[in-house]
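Residue-level listing of the chains:
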Amino acid sequence: MTKNCHNDYKMKFSEDEEFPDLSLHNNHMAKVLNKDMYKKLRSKSTPSGFTLDDCTQTGVDNPGHPFIMTVGCVAGDEECYEVFKDMFDPIISDRHGGYKPTDKHKTDLNFENLKGGDDLDPAYVLSSRVRTGRSIKGYTLPPHNSRGERRMVEKLSIEALATLDGEFKGKYYPLNAMTDAEQDQLIADHFLFDKPVSPLLLSAGMARDWPDARGIWHNDAKSFLVWVNEEDHLRVISMEKGGNMKEVFRRFCVGLQKIEAVFKKHNHGFMWNEHLGYVLTCPSNLGTGLRGGVHVKLPKLSTHAKFEEILTRLRLQKRGTGGVDTASVGGIFDISNADRLGSSEVQQVQMVVDGVKLMVEMEKKLEKGEAIDGMIPAQK
Amino acid sequence: MPFGNTHNVLKLKYASSEEYPDLSQHNNHMAKILTPAIYERLRSKQTPSGFTLDDVIQTGIDNPGHPFIMTVGCVAGDEETYEVFKELLDPIIEDRHGGYKPTDKHKTDLNPDNLKGGDDLDPNYVISSRVRTGRSIRGFCLPPHCSRGERRGVEKMSVEALDSLSGDLKGKYYALKNMTDAEQQQLIDDHFLFDKPVSPLLLASGMARDWPDGRGIWHNDTKTFLVWVNEEDHLRVISMQKGGNMKEVFNRFCTGLTKIETLFKDKGTSFMWNEHLGYVLTCPSNLGTGLRAGVHVKIPNMSKHAKFEEVLKRLRLQKRGTGGVDTAAVGGTFDISNADRLGFSEVELVQMVVDGVKLLVEMEKKLEKGQSIDDLMPAQK
Numbered sequence: 001m002t003k004n005c006h007n008d009y010k011m012k013f014s015e016d017e018e019f020p021d022l023s024l025h026n027n028h029m030a031k032v033l034n035k036d037m038y039k040k041l042r043s044k045s046t047p048s049g050f051t052l053d054d055c056t057q058t059g060v061d062n063p064g065h066p067f068i069m070t071v072g073c074v075a076g077d078e079e080c081y082e083v084f085k086d087m088f089d090p091i092i093s094d095r096h097g098g099y100k101p102t103d104k105h106k107t108d109l110n111f112e113n114l115k116g117g118d119d120l121d122p123a124y125v126l127s128s129r130v131r132t133g134r135s136i137k138g139y140t141l142p143p144h145n146s147r148g149e150r151r152m153v154e155k156l157s158i159e160a161l162a163t164l165d166g167e168f169k170g171k172y173y174p175l176n177a178m179t180d181a182e183q184d185q186l187i188a189d190h191f192l193f194d195k196p197v198s199p200l201l202l203s204a205g206m207a208r209d210w211p212d213a214r215g216i217w218h219n220d221a222k223s224f225l226v227w228v229n230e231e232d233h234l235r236v237i238s239m240e241k242g243g244n245m246k247e248v249f250r251r252f253c254v255g256l257q258k259i260e261a262v263f264k265k266h267n268h269g270f271m272w273n274e275h276l277g278y279v280l281t282c283p284s285n286l287g288t289g290l291r292g293g294v295h296v297k298l299p300k301l302s303t304h305a306k307f308e309e310i311l312t313r314l315r316l317q318k319r320g321t322g323g324v325d326t327a328s329v330g331g332i333f334d335i336s337n338a339d340r341l342g343s344s345e346v347q348q349v350q351m352v353v354d355g356v357k358l359m360v361e362m363e364k365k366l367e368k369g370e371a372i373d374g375m376i377p378a379q380k
Numbered sequence: 001m002p003f004g005n006t007h008n009v010l011k012l013k014y015a016s017s018e019e020y021p022d023l024s025q026h027n028n029h030m031a032k033i034l035t036p037a038i039y040e041r042l043r044s045k046q047t048p049s050g051f052t053l054d055d056v057i058q059t060g061i062d063n064p065g066h067p068f069i070m071t072v073g074c075v076a077g078d079e080e081t082y083e084v085f086k087e088l089l090d091p092i093i094e095d096r097h098g099g100y101k102p103t104d105k106h107k108t109d110l111n112p113d114n115l116k117g118g119d120d121l122d123p124n125y126v127i128s129s130r131v132r133t134g135r136s137i138r139g140f141c142l143p144p145h146c147s148r149g150e151r152r153g154v155e156k157m158s159v160e161a162l163d164s165l166s167g168d169l170k171g172k173y174y175a176l177k178n179m180t181d182a183e184q185q186q187l188i189d190d191h192f193l194f195d196k197p198v199s200p201l202l203l204a205s206g207m208a209r210d211w212p213d214g215r216g217i218w219h220n221d222t223k224t225f226l227v228w229v230n231e232e233d234h235l236r237v238i239s240m241q242k243g244g245n246m247k248e249v250f251n252r253f254c255t256g257l258t259k260i261e262t263l264f265k266d267k268g269t270s271f272m273w274n275e276h277l278g279y280v281l282t283c284p285s286n287l288g289t290g291l292r293a294g295v296h297v298k299i300p301n302m303s304k305h306a307k308f309e310e311v312l313k314r315l316r317l318q319k320r321g322t323g324g325v326d327t328a329a330v331g332g333t334f335d336i337s338n339a340d341r342l343g344f345s346e347v348e349l350v351q352m353v354v355d356g357v358k359l360l361v362e363m364e365k366k367l368e369k370g371q372s373i374d375d376l377m378p379a380q381k
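These protein sequence lines map, in sequence, to chains R and C.
Those letters in the first sequence? Residues 1 to 380, per the UniProt record's numbering, in order.
Those letters in the second sequence? Residues 1 to 381, per the UniProt record's numbering, in order.
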């Protein structure tokens, strides 16, 4: 492939002259990247022309937060994870609990393998949701893609979604053609995504050409939703009120597989390999890319001294009900799986189902003034 | 920015119409000029450093513009951009710079002796005087495109040149990333400190990458001559002082600039300049002289006069609030500066400011006395 002109131009400068100043930085990339690694990788580029500096720009521009560990790098195409393996592998290991370059990731989207999950107490569990991302093979990713590529991803996605019927029958709303009424409705439904404002995403070039070829598709029942060309090619979401996670997961798996079948027919399957599972823009979403979670009322448990410990042992994480970085309101928490890579979809949703069931039981005990010491789980 | 040229080759797989941007909501110079035919002809090209058409126009696609303010909507990534993408940039330059033609020649005149007067603007009205311009160092890519190595190279060369200045130009460099809290506070108090760009116009063109690496502020001991390194251009050079002695401000400006340019030449490089576009800068709006000379002047009566806008137009001046472009005037005090950049020399532009402000102050004095200013109305310059 033709080489990347400006990258060759940069080679005139030594690696010392080009190496970023990471002295104030606290993100995964800054922890891992050193001068030797930079020297080794700086002359490379993927077949589509993504370079090391392209991968790391967001982590250079955003030093991070003292308490939150951001990833600090992105992929511009599927090949990044191979060409820049020397950098991505240790980052993946650090972020995904010691996952090794030789490890294999298991994909399991057979919802029947999930045990239980249909009886989470709706007096506590207000809503259930599962989301993931998918990248379409043969197209570069949001940090790098051109308008032509992004529009093809949109076109293929609309075609695939238009073939869905029954419970999945729905409609696509492109961001650049939305009426005011449609926009208001999507906002009221909490479906509408907006142009990214996070500097993490902006530095990686993901907001280019906004809102061209971005849109939202949802089924008539508003329980299955797809975002096109936001942070990944596709974000797929299944959700409903109440605690029937089994049903949410069933719809998730069935819908995803129907969509994948249509893409495969056109020779555009999803990016996937047996080491990294589903390949997405951000290394934190590799593997399943899955976040399965509930909004659950735990006013007593959340103020218990052992709350954090319990979450860690259950391999769950908490967020406020506005999503990542928000605070909880009225003792209601978003509880979801912490893992993405190294366990399957079924395994991760099972952990959510079992973990939330246990926490609701603990909440009930605490309501009655009883101790929960005997219920503290072992580390999963 | 992640627009590798391998990727430009890959993009050619798609038809021009598939890649052409949606500019239906847009109101900027680039959107007025770009057509599918121009896009098709230019999309396969790149400059020697690898800057492409999409790189040039990305900021104008991402920022549709304002219904009342006409933004440029494109930037240069290197000196060659203006040649390789001539077909797009020439009409934009013509539209922005009052009909300046591709065959026109721009005159540079940095001889302060050629300025007539300017040392006697009434300090009861003229509170401060300032001249600024930008400079690009030949051989390096511009802020939208430069690598860290290049940016640091620009900083190193600039600091070496500035460190050799002497006399009333002797000064010190403050790198943004090494600044102590005390230094930072002093620079803020002096109104010298520039911050990481927040304007989406600049962010979308990649100018804030690697911030604050390679960025800094140099100023002389008397705080009348200031250089910004690696903000929106390689160098921004500013001469300023309280009061109305624009002649002295311009003297210092020319002397300082010429000394700096000589120092660069001694090192085997120079500023980007050609006889058609004058000084080559990142934004097409700053071509030519890149010069904005202005004063903060108290004209509460004049500014409310029905003919104020007309007078400014005829004098080829523009008004801004005292906070800079897009700010409102406070207490009848305005920032009045030259409207032109290209097609007039530095001396000519500063002359227009000196003569124009002198006239505006005379008009203000007449209006204070309740007299008419009809016989003072100038002809169109």
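Derived by calculation from the structure, the hints in this document are not laboratory data.
What you are looking at is a predicted structure, and each value in this text was computed from that prediction instead of being measured.
Mixed in with the good hints there might be a few duds.
[Claimed, not checked] Some chain C residues near chain R, calculated using beta-carbon distances under 7 angstroms: (1) L10; (2) K11; (3) S49; (4) E160; (5) D163; (6) E248.
Here a beta-carbon is modelled for each residue, glycine too, at the ideal position from N, C-alpha and C.
**OP:** May I ask which of the numbered hints given earlier this structure violates, with the numbers listed in increasing order?
**Re:** 4, 5, 6
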